[in-house]
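Engineer: Chain by chain, the residues run as shown.
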Amino acid sequence: MKSTMRKLLLTAAIAATPLLAATQAAAEGEKYILVSHAPDSDSWWNTVKNGIALAGEQMDVTVEYRNPPTGDLADMARIIEQAAASQPDGIITTLSDYDVLKGPIMAAVDSGVDVIIMNTGTPEQAAEVGALMYVGQPEYDAGLAAGKRAARDGIESFLCVNHYISSPSSAERCQGFADGLGVDLGNQMIDAGQDPAEIKNRVLAYLSANPKTDAILTLGPTSADPTLLALNENGMAGAIYFGTFDLGEEIIKGIKAGVINWGIDQQPFLQAYLPVVVMTNYHRYGVLPGNNINSGPGFVTADGLEKVEEFAGEYR
Amino acid sequence: MSDVSSGDERIKEMSKVRKALMRPELGGIVGTVAVFVFFGLFAFDSGMFNAQGIMNWSVVSAQFMIIAVGACLLMISGEFDLSVGSMIGFAGMMIAIFGVTLGWPMWIAILVTFVICVAFGALNGYIVVKTGLPSFIVTLATLFILRGFTIFIPQTIERKTIIGGIREAAEGDWLAPLFGAKIGAPIFNWLGDMGIIATFERGNRMGEPVVDGIPMLMVWALGLVIFGHWLLTRTRFGNWIFASGGDADAARNSGVPVNAVKIQMFMFTAFCATVFAVCQVMEFGSAGADRGLLKEFEAIIAVVIGGALLTGGYGSVIGAALGALIFGVVQQGLFFAGVESSLFRVFLGVILLAAVILNTYIRRIITGER
Amino acid sequence: MNDPIIQMKNIQKHFGSVIALAGVSVDIRGGECHCLLGDNGAGKSTFIKTMSGVHKPTSGEIIFEGKPMNFTRPRDAIEAGIATVHQHLAMIPLMSVSRNFFMGNEPIKKFGPIRLFDHDHANEITMREMKKMGINLRGPDQAVGTLSGGERQTVAIARAVHFGAKVLILDEPTSALGVRQTSNVLATIDKVRKQGIAVVFITHNVRHAMAVGDRFTVLNRGQTHGTAMKGEITPEELQDLMAGGQELATLEGSLGGTV
Numbered sequence: 002m003k004s005t006m007r008k009l010l011l012t013a014a015i016a017a018t019p020l021l022a023a024t025q026a027a028a029e030g031e032k033y034i035l036v037s038h039a040p041d042s043d044s045w046w047n048t049v050k051n052g053i054a055l056a057g058e059q060m061d062v063t064v065e066y067r068n069p070p071t072g073d074l075a076d077m078a079r080i081i082e083q084a085a086a087s088q089p090d091g092i093i094t095t096l097s098d099y100d101v102l103k104g105p106i107m108a109a110v111d112s113g114v115d116v117i118i119m120n121t122g123t124p125e126q127a128a129e130v131g132a133l134m135y136v137g138q139p140e141y142d143a144g145l146a147a148g149k150r151a152a153r154d155g156i157e158s159f160l161c162v163n164h165y166i167s168s169p170s171s172a173e174r175c176q177g178f179a180d181g182l183g184v185d186l187g188n189q190m191i192d193a194g195q196d197p198a199e200i201k202n203r204v205l206a207y208l209s210a211n212p213k214t215d216a217i218l219t220l221g222p223t224s225a226d227p228t229l230l231a232l233n234e235n236g237m238a239g240a241i242y243f244g245t246f247d248l249g250e251e252i253i254k255g256i257k258a259g260v261i262n263w264g265i266d267q268q269p270f271l272q273a274y275l276p277v278v279v280m281t282n283y284h285r286y287g288v289l290p291g292n293n294i295n296s297g298p299g300f301v302t303a304d305g306l307e308k309v310e311e312f313a314g315e316y317r
Numbered sequence: 039m040s041d042v043s044s045g046d047e048r049i050k051e052m053s054k055v056r057k058a059l060m061r062p063e064l065g066g067i068v069g070t071v072a073v074f075v076f077f078g079l080f081a082f083d084s085g086m087f088n089a090q091g092i093m094n095w096s097v098v099s100a101q102f103m104i105i106a107v108g109a110c111l112l113m114i115s116g117e118f119d120l121s122v123g124s125m126i127g128f129a130g131m132m133i134a135i136f137g138v139t140l141g142w143p144m145w146i147a148i149l150v151t152f153v154i155c156v157a158f159g160a161l162n163g164y165i166v167v168k169t170g171l172p173s174f175i176v177t178l179a180t181l182f183i184l185r186g187f188t189i190f191i192p193q194t195i196e197r198k199t200i201i202g203g204i205r206e207a208a209e210g211d212w213l214a215p216l217f218g219a220k221i222g223a224p225i226f227n228w229l230g231d232m233g234i235i236a237t238f239e240r241g242n243r244m245g246e247p248v249v250d251g252i253p254m255l256m257v258w259a260l261g262l263v264i265f266g267h268w269l270l271t272r273t274r275f276g277n278w279i280f281a282s283g284g285d286a287d288a289a290r291n292s293g294v295p296v297n298a299v300k301i302q303m304f305m306f307t308a309f310c311a312t313v314f315a316v317c318q319v320m321e322f323g324s325a326g327a328d329r330g331l332l333k334e335f336e337a338i339i340a341v342v343i344g345g346a347l348l349t350g351g352y353g354s355v356i357g358a359a360l361g362a363l364i365f366g367v368v369q370q371g372l373f374f375a376g377v378e379s380s381l382f383r384v385f386l387g388v389i390l391l392a393a394v395i396l397n398t399y400i401r402r403i404i405t406g407e408r
Numbered sequence: 011m012n013d014p015i016i017q018m019k020n021i022q023k024h025f026g027s028v029i030a031l032a033g034v035s036v037d038i039r040g041g042e043c044h045c046l047l048g049d050n051g052a053g054k055s056t057f058i059k060t061m062s063g064v065h066k067p068t069s070g071e072i073i074f075e076g077k078p079m080n081f082t083r084p085r086d087a088i089e090a091g092i093a094t095v096h097q098h099l100a101m102i103p104l105m106s107v108s109r110n111f112f113m114g115n116e117p118i119k120k121f122g123p124i125r126l127f128d129h130d131h132a133n134e135i136t137m138r139e140m141k142k143m144g145i146n147l148r149g150p151d152q153a154v155g156t157l158s159g160g161e162r163q164t165v166a167i168a169r170a171v172h173f174g175a176k177v178l179i180l181d182e183p184t185s186a187l188g189v190r191q192t193s194n195v196l197a198t199i200d201k202v203r204k205q206g207i208a209v210v211f212i213t214h215n216v217r218h219a220m221a222v223g224d225r226f227t228v229l230n231r232g233q234t235h236g237t238a239m240k241g242e243i244t245p246e247e248l249q250d251l252m253a254g255g256q257e258l259a260t261l262e263g264s265l266g267g268t269v
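Protein chains in written order, with our numbering: chain A, 2 to 317; chain B, 39 to 408; chain C, 11 to 269.
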């Protein structure tokens, strides 16, 4: 029996060794940790991972990526606490629920770790928790801008396909869009879930129940890709006004094909890349930009798509 | 065997040491030692074993323990509850709605939530017992129903899926600190002053220790583990729990009220989930529709690592608590050790498999299963 | 001879159109082993279930200790002192002998309002009772799963006796056992009988019945061929009663169908 146990231990140790070696053989410079709120299944965060990888390489620093596997924000709070306990030089984190995350973030700041807020949250909240700065796209404002644009195009009703219903920032995008149109959000936002087949069928069901819907707003590739399929299936592709947050390969194709009118690019690459660069320079030379950085919104339309297309899903 | 009347020669005499080792908790003990040795070697300098680090994995482990105790007793009595995770989200949301949206005093909100959730547990148990359907299916249905309500109710009332302001609403309440407070602050202050644990370097809490107390969450975890262990091993009810899960028909033939035992275990599991939820909302100050996702499996995994049998009738609360500790330490420890976070699941799978194999082996020796 | 504990008079049991018991009369006395023999499907199971309160007879009378017996559920029968030891469904292999022994009847130790399972007491009694039955346990916490089939039967019998059974119904206790384990169980039956308990031993093995039986009743197609005392009947005659009756019935059946 003892030998069985020894074998198990040995196996575990051997299995673990290369992984540890691989992750620890990184740069010798400063150590940063990026914490996101996204569940493992969210493909959009690949761009962020590429962003920190590139910044880490260029600046000669180590940047680790952490996320709660199921997207549970309470788990994310623990991850931030853990990140602070491992005493990195800085933490870059999203602030998707101020109530839950402010405690751990402020504790990290107070224990001497510098924090930059990226992606979700607002500039005010970032200042509130004592972060150096905020890099991202204020969600409500982006939704509002998109709504106003759509209103100019004559839109009066819409469907918001929310694939991440539990995150307040997702709902803010829909709310902003509704306010931009000057209509009540009401039941125009649906909880689409994360599964592509489910999203597709829910969109189909909503559109057949509400055939007079003018526009569709999706919140990222997770909901946009299945929605594209749904529109192809029910023949509304190109006929219905279609706007989306964020970019991805399929979304680019959709814009090119004229199915999607515009995509709002918040440029996640910059959200990941810039904080690393900013923080490294701050730690090395004490220089820090005087303001927050808005990485978006930028509307991407069929004009000038080439560069976007080339790097979609990688750096865009 | 030549003598017909006695049957003991075939059973080998066991040494005291070997006998002491032959406990359901053995797998858990071995695993605990193994993970601490492992992380001691690979992550010692990473901050995992400073005050903040220890508090970090202890709190995570304590969370697992709270739901593992319920899941353990329920599993020993022969049933599963897959609705634990949804129950956590639901309970938190109920407290937010009662306490914040409706503005009830927090202690009423907490008590009413406990009553509702334990009633759902009883309903789970009642349906399982009366229909004879596998609890797997019945509680899977509850999983969806509760999660659905957890999203629907706040969206209908508040137009959002996260309700904050619970900490503020709970201020001055007499019951809320039982779940959200921290104890032992003077000791930690002293430790901080003595330089034994680190202190904040800046901000409004400068000079205060980085760990300023033991959260009630951990007290609950410890209390529930002790209660569960005592109930299972020291009371007649504990014997009924074993009997109900070991062989419900044999237990019924011997006069054990199997149905009542099972329903009460479902209620206890719901109670544990609610404790988890109340501690969580009191700590974080908000309730979200995604809280507790997949926690039911984490509870079951902790219980199985701790040596309980999936089919019921065998297990140990101490084992489950150690399973929770292993789970928590591994989950947080991998971060400390700097392992790519997407590999977390791979490790989890490996540990689960190793634990189950080891435990099966131990159990066969103890029980003579073939 | 002493008065019978249970008298079953002309018991009939019908399940819809199926006649499982067609008028069976048997009496059970303390301190004797009454063997109930019969081939598969003879109605043995229905008969003992009627006796232990699981089934209500369609017609006929059961008299228990001089009074008509009217059990509505098995629990009543157990409380009255009629214990059934099934071949399966008696022991939980994963639990210790001591926990099994006291399952449903746990001894209680009080600490103020708190009631605890008195393990010391339970362990002591278990060891003592098992020793009486000739089984030396490694310890009271030994799991039942480590015991042999015969030993498990013995634990179940010892448990029933300890909790005051007056009538012990053993449903095919030897059918799945090897020779040596069988003789263990038969020895146990002998010990129980000597304590003045009435034993109803259901079997289809004539040799096992002859070894311990005081009286023998053969059931065939829901009817008895009477009860014989020990010494009044040879194993061959018993065998013939069981098997011969079957052959005769088959013969009659086939004649009735063709002629």
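The reader is advised that the hints may include incorrect statements.
Pair by pair, the computed Cβ-Cβ distance ranges are [what the hints assert, rightly or not]:
hint: 1; chain 1: A; residue 1: Asn233; chain 2: B; residue 2: Arg402; range: 51 to 61 angstroms
hint: 2; chain 1: B; residue 1: Ile225; chain 2: A; residue 2: Lys308; range: 54 to 64 angstroms
hint: 3; chain 1: A; residue 1: Gly113; chain 2: B; residue 2: Ile221; range: 22 to 32 angstroms
hint: 4; chain 1: B; residue 1: Phe174; chain 2: C; residue 2: Ser185; range: 30 to 40 angstroms
hint: 5; chain 1: C; residue 1: Thr82; chain 2: B; residue 2: Asp287; range: 13 to 23 angstroms
hint: 6; chain 1: C; residue 1: Lys77; chain 2: B; residue 2: Arg61; range: 32 to 42 angstroms
The hints are simulated quantities; they were obtained by calculation from the structure and are not laboratory data.
Computed from a prediction, not measured in an experiment: that's the story for all the values here.
All residues carry an ideal CB built from backbone N, CA and C; glycine is no exception.
Engineer: Hints first: check each against the structure and report whether it holds.
Structural biologist: Now for the hints, and whether the structure bears them out:
Look at Asn233 (chain A) against Arg402 (chain B): about 57 angstroms separates their beta carbons, and that is inside 51 to 61 angstroms. The supplied range of 54 to 64 angstroms is met by Ile225 (chain B) and Lys308 (chain A), whose beta-carbon atoms lie about 60 angstroms from each other. Look at Gly113 (chain A) against Ile221 (chain B): about 26 angstroms separates their beta carbons, and that is inside 22 to 32 angstroms. The hint said 30 to 40 angstroms for the Cβ distance between Phe174 (chain B) and Ser185 (chain C), and at roughly 35 angstroms that hint holds.
Distance hint check: the CB atoms of Thr82 (chain C) and Asp287 (chain B) are about 20 angstroms apart, consistent with the given range 13 to 23 angstroms. The supplied range of 32 to 42 angstroms is broken by Lys77 (chain C) and Arg61 (chain B), whose beta-carbon atoms lie about 51 angstroms from each other.
The structure does not agree with numbered hint 6 stated previously, though it agrees with all others.
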